[in-house]
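K.L.:
The hints should help you fit chains B, C and D onto chain A, whose structure is shown.
Chains as they are written, first to last, in my numbering: chain A, 1 to 201; chain B, 1 to 809; chain C, 1 to 156; chain D, 1 to 613.
For lysine to aspartate or glutamate, the following EDC-like pairs were computed, each having C-alpha atoms within a straight-line distance of at most 16 Å: (1) B/79 - A/37; (2) B/463 - C/48; (3) A/10 - A/73; (4) D/553 - C/95; (5) B/80 - A/40; (6) B/584 - A/100; (7) A/82 - A/7; (8) B/80 - A/37; (9) B/57 - A/14; (10) D/161 - D/5; (11) C/20 - D/311; (12) C/20 - B/466; (13) A/80 - D/503; (14) C/145 - D/603; (15) B/79 - A/40; (16) A/82 - D/509; (17) D/332 - C/22; (18) D/512 - A/51; (19) C/140 - D/603; (20) A/80 - A/51; (21) B/353 - C/155; (22) A/82 - D/503; (23) A/153 - D/468; (24) C/148 - D/603; (25) C/113 - B/347; (26) D/391 - D/424; (27) D/512 - A/79; (28) D/313 - C/22.
Chain A side only, calculated, beta carbon under 7 Å to chain B, not exhaustive: (29) 17; (30) 21; (31) 24; (32) 25; (33) 38; (34) 138; (35) 171; (36) 174; (37) 185.
These are calculated hints, taken from the structure and not from any lab test. All values derive from a computational prediction rather than experimental measurement. Heads up, the beta-carbon is just placed ideally off N, CA and C, and yes, glycines get one too.
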Amino acid sequence: MLNLTIDGKKVQAEAGWTLLDTARQHHIEIPTLCYHEAVEPFGACRLCVVELRQGDNSRLVASCVYPAEEGLEVHTMSEKVKNVRRWILEMLLSECPASEAVREMAAEYGVDSTRFEVRNPEEECILCGLCVRACAQVVGANAISTVGRGAQKEIGSPYLIPGEACVACGTCVTVCPTGAMRARFDRVRGVPEVVMAKAGK
Amino acid sequence: MADNSKIGVFLCECGRRIAPLVDLKDLAAKLEADPLVDYVAVEPFSCLAPGLDQITKAVEEKGLDRVVIAGCEARVMLKKFQNELAATGLEEGQIDIVNLRGHVAQVSDLSPEEKAAKGFKLIKAVAAGLDALAPSVHEQVEFKGPVMILGGGIATYSAAQELSRREIESIIAVSTDEWEDEIRMLHEHYPGERHYYDRMEAIMRDVDASPFVRRITVGELSSVSGRTGEYLVTFSDPMGGPPRVYEVGAIIAALDGQMLNQGTNFGHDGRTVICHTEAEELLWTKGVPEGQIVFWINDYEAGHPEYAYLASRAAWSMARYMRERSPLTKVTVLYNHQMPVPLSAGERAASRKLGIDWVAYDGALRPTVQAGYVTYCDPEDHTEQEMPWDRLILSPRRSVGQEATKVAHVLGLEHVEGHFLEPHKQRVRPEMVGRAEAFLAGSARYPCDLHEALRQGRRAASKTAEMVEKAQTGELFAPRMVCTVDQSKCIGCGLCKEICDCGGIEPVEGHGGNIPRHVDPMVCTGGGTCAAACPYHALTLQNNTTSQREARVSTLSKELAADEILSFGCAWGGLAAADNAGVKGLKYDPRMYMLRVGCIGQLDPSVMARAFLEGANSLLLIGCPPEDCHHSYGLDHTWSRVNLIKKLLHLCGFDRRRIALAHADLNNPEEYIRTVNSFVNQMADLGPIERNSENLEKLAGLYATVNNARVRWVLGATLRRPWEEIYPGNQRNALAFDRDMMGVVSEEFIKSRVANLLRDTQKPYQLHELANALQAEEKPLMESVREMVGEGLIGRMHKDGKAHYMLRA
Amino acid sequence: MAQTAIDIDIDEIIERYPGKPEYLIFLMQDIQAAFNYISPEALTLVCDHTGVAESQAYAVATFYNSFSLEPKGENLVQVCLGTACHLKGSGLIAENLMRSIGLDEPGTTEDLKYTVETVNCLGACALAPVAVVNEAYQPKVSSPKLMKTVKKLGDA
Amino acid sequence: MEELEQLRGELQAAVDPDQTMIVVCHGTGCVANGSQDVTQALKNALAEAGEDIKVMPGIKTTGCHGFCSRGPLVIIKPANVFYQQVKPGDVEEIVAQTILKGETVDRLLYKHPQSGDALETTDEIPFYAGQERVVLQNIGQIDPTDLEDALRAGAYAGMAKALTAMQPAEVIESVTKAGLRGRGGAGFPTGVKWGLAAKHGDVEKFVLCNADEGDPGAFMDRSVMEGDPHAVVEGMIIGGYAIGANVGYVYVRAEYPLAIKHLEMALDDARALGLLGENILGSGFNFDIRINRGAGAFVCGEETALMRSVEGKVGEPVPRPPYPSDKGLFGKPSVLNNVETWANVSRILDRGWEWFAGLGTEKSKGTKVFALVGKVNNVGLVEVPMGIKLKEIVMEIGGGVPGSDHFKAVQTGGPSGGCLPWEDAELPVDFDSLIAAGSMMGSGGMIVMDDRDCMVDVAKYFLGFLEEESCGKCFPCRLGVPRLRETLNRFSKGQGTVEDIDDLYSLAEAIKMGSLCALGGTAPNAVLSTLRYFRGEYEAHILEHRCPAGVCKDLITYKIDPDTCTGCRACARACPQEAISGEKKKPHTIDESLCIRCGMCMESCKFGAIQVF
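Chain A with its partners taken away, still in its complex shape (with noise of 0.2 Å):
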């Protein structure tokens, strides 16, 4: 049993529980974008980031990774905290706007606009990956990945069409927090024209 104080709440965890489990075990509420209880969390939407206080120094963490340790001092609403937040949400606003969840999460936060260019406000994907994960540990198909890199990085399938491994359980569809996953669903699932992509490429 471990002894930890969440935003001044002192709370008790079991060894191998993260912050997250914590802190929702506590029915304290922290935001996130890429993590489903179905897959192993990823740490990269970085909206579950907590501030560790330890005297002077402080640090953020992802809640959803970082375990719970004996005597952690843990602030999920702390300024610092919600700068991360607020600018993640503003910057997804502009790179994602076709998202509803991501405008109610940005209204929460008081972020209902953007200052930077909207260069396609058709997009709804985060690339949180979650579609990719639970393909891969869930159903275990493997059927989509990341694409590329950086800020050129999509989801889909390989070349982008239609591949054998998909099994076309919809999973992707069910996980995705945005919605995005519908518009690519269709790009990935249905049988492969094998003839086509093997023979005639």
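P.N.:
Chains B, C and D only, in chain A's frame:
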């Protein structure tokens, strides 16, 4: 129902996504009060470490052997719970999930109390299903005998090589002992591969030398029987002796496609205008011809643009061969400008160095072959050009070929004319991806070059090897949710084998007359439509049985209010769409109650009938969109079964619309909601079925009828077969057949009711009394009753000159 | 010349390494080196051999700069955009070169004649700005100089 | 052990220290300048000279001598006569004068930039005089492809000591006591890192060498691997012995073919001699090293990403904890250090931790190698003791800034680092002062900038680099870096407001705090440090719409000075937009509306008539 299990229910608050919306306290109280449930707990997040710890603790302390989690999507979360709770000994089938969040909390404006009530009904139904579960034992699969590679295709060698690399014994059945001959003949199936012959030879030598490979020379394949791990393969003897029989653990078919010439409409004459195979033959026999050689990549004009790549690669390699050996030979490749030239930068340079011309023509105009010239249209300046030739070489026509088709037939691969042999499309579980290859490799699957054929061979071998290696270490077990046959009930009618789409059902050889079936658990995809079709209930989908489904519907039907709808959704269509509606928080009519089913085709008509019998007033079955069924025909089969129920509802005097089949695309929840709302409203207009004694008696008759062997038999005949291409099946004289079926159904319906009546009342009836009791016309009734007496189903005695009918003592 | 040998046997390359996932990148590098791109067929072979899912292999192939899924041109020009070179205007040099052969961004010309790449520091900062044309270093290049060298190759 | 020392003795005895030896630098810089031809010419010339020569001098090709801007370099030993910018044509004279007569060829000597008098030998040259060569001690001295030559210079002595005379714990202790800090950038104490991995006891472990030198403008590690690969190999064996690992991986940039070649040779030779592989030197310790070529991803310099890449996966960092010392490569305890660190390890074990601890400052021990590039006279590779003043490196060793008595800024730490202004010229160069000054040590790139370099453009450049190289996994980095650059783009177009600058600070903060790995965590440094020291320049862009350095395209115009223009039409021909008009032999003019500021005209003009305003 006998409580033969200890069931724990865990209610998930899911942060704020369930808790405030559903009154979990109230729900927990309801459940605790229910005799079926032994333990109830509410958790912030059942699926997170803290929640899982709590469940594990409860299972161990309270000795629970069934667990229901009321949380979110089973499709997404079930696997995690199975893995996390495996340590407690709970196995697949003993854990079930109710999507409280997505089917109740998020999708309506009901009050928390009302939602709790709805949740209670769903959870109780699922619990009843678990209660009715009889967990199966783990079936271990062993491999008796080596791997056999038959069909004689070139992939035989790569497959054998891969197997021997992994030290697995194999038998290869080839037409000739001499691999030199094979190489000599290779171009008949794979022209333009000379550059690869050395490697091919190396592979063959390798196989020849391997102690793990046994080479046999046999005649035609005559039969294959048995199951994964223990097959019997029979060939005719080439010398005309007695058939040769082999016991093998696994079978890989290596089949090559066939090359035909283009025929006269491209000017083919077999001498000056030839196709690739003939060109190769020429190179073998006469060497490189001099003069002007023109390769025309005419696959676009031949109607198969997708083969242009293969053809031009072959042309390129032959062209290279010619130029490298004979400076006096001019080579040109004439190709459709819509086609990308399939050469890498380096090859372009090499082609230039060798002086091979690539000439594009305007694909809009078809080139014409003339004496010594081809005329074509220049895509640049749109002028007609003439290209001289001494020999014109056309692309080949590609097909499966006679022998391959024969073998495919014996192996039970349905071959559709004009198609290639892609077997087993089902991709229900990921491990099934590529299983087609594990079974069949070579250009008879789909046109490909030598390299790809060999790759498929290797892949097939390694897929097979994975299984063999597992089996060798005793770690190969059959999936839990597959069909099994009760040999004592099976009369070997073969209906299941006929409608099975995964090839999992095999006859057991050696029994005379009707041959009972059994299931190859490693091939069965667990679709279960076969089980739902068996006239004698001899097939069961273990750990997911019809009786479990009946338990669910009867429990839920008893709980449902008059205007509430019982529904089944398949995991790939209806249920998935409902889940996604929940994720999006789309609102729809809360009177909708959906139960989960793996494939809509798993629903035995008796499950549907049971629903009405136990109090449901309507039933909505939501499957995948037509032709998207993951089990191929589950949906079509349900279509037939729904028709049966409609007929019976009609005979009972109820509205046929009370049962309906619908389709949902998981990616279109809005559509799903329209489906639900319109059905619910329609049923509200109909109102409930009055539960008076007459109606109850009729419903009992309905239920008995769908379990009647004869009815199920006739129904079985209407079910779509794998070779039928159109939804919902295109058997001949469908209308006439349907009329006959109507006849059969009405006969058996009345008979069932008579039987029920006599059994329930235990007293003799005169005909007019029967007619009265069943509100049936005497005339047809008399015929049925006579038949029943004839069949010995009931007895007849005369008392003061009047015929009385009663159950036989 | 960034030449593809036309008779390299891909299976020979595949067999260089044991069939383990950790050799995925080794195999791709060798194939890239031999054919200067990774064809879909090659990718499938690598997956079969290493037991890596095709989607994963595709992710790797698109993640790392040194892999190309498209055939490259017959002549390869790399312009260094390292800091030292940048300060000495290599950015402009690259732009000017690409404009002169009709490319809007680094890549391969339609006729597969040239491929222009920008690289992050070749570590030859003393020679800035540097370009590498078909593996030959061009120290202290200027736009006109580089364009002349490149044009010459194309006409050859 | 004894055998090794005996062998070393024999090898050393075998060569006469007074024999003339002609050393030619074959570092990448010199090779690109044609030093291979020089070597060939030398061979020919000597062959021709033939019997005129009493003792035939040896020719030795070595790794980089560091003084790249002066290549090709030829040094005549034992006198250490230093010839620079030698062309094949000069060779005959060298042979005739120096080899035969023992006289120097003055025109090939290095002239002192200020006094202008010719300096004969290496140690007289300020560029070398100011240096303290520890890691580089053998580079330029030994033939990297010849293990025997390396042994003469004392290679593998430290390893032998460690394996035969010390317990693993003692090795870790002495590395700790030496105060060695990771040279990869962060400066984490190496000994501590080793201890964390060692404590896992008897399980499979790995050591890795980060040779994925991705920082633009840095080539220290390459030079070490090319010039003295044995130092790295030796260090890794020692590390493996210390933490109990039997396998090591070197992750080298594929862009460094020569380094890879020399490493492979070194490994083969070492195996052949029993210095690598089973039961090394009879100590019972087994260790072998495998080489992984990087596939072109800067982020793979981050340790967790590098390990994923070695596993054959996409090189995306993973959150820590768990730390690599607990769960690293293939989930096993692993220690990753960079090339320079490993090289230092072998020196420490060879010459003792006390000696090493005596170098450098109180908190930063030892020396640091820098790649000195940009607007500086002596471009090249320098190794200096920690704590040396920035000014000393740039103005003395570096020979100052061409055409100026000061530098505008010095950029250290690569994309993760920052720009230090002339005001910081006195700053002691060590881990902590650099961080305090808003930059960082990094792997050792040191880029000197003068007044013609625009700080906004520089910041933009580094952000562009990072935008391209970000793996795209975590949101702050993937989204934030491009948006930072978007803002700077506006600035360089003369748009934007002063408020934007404040937003920059706050966004930069969010990226620093929020990012998953160090790439994102340090990405904003380029902006922050330039803002800190050159805010005025930013404001010039925003408020006055001008680029003081004359770099930002949208804020400059090209003009032809009519007095200097000879009307030769060279510029008109060069202009891709045909924006330049004018008759022959008459001054030309540029049509600004057509000009795309590609600079072609400027490059083509032989009279410097085209100027930027």
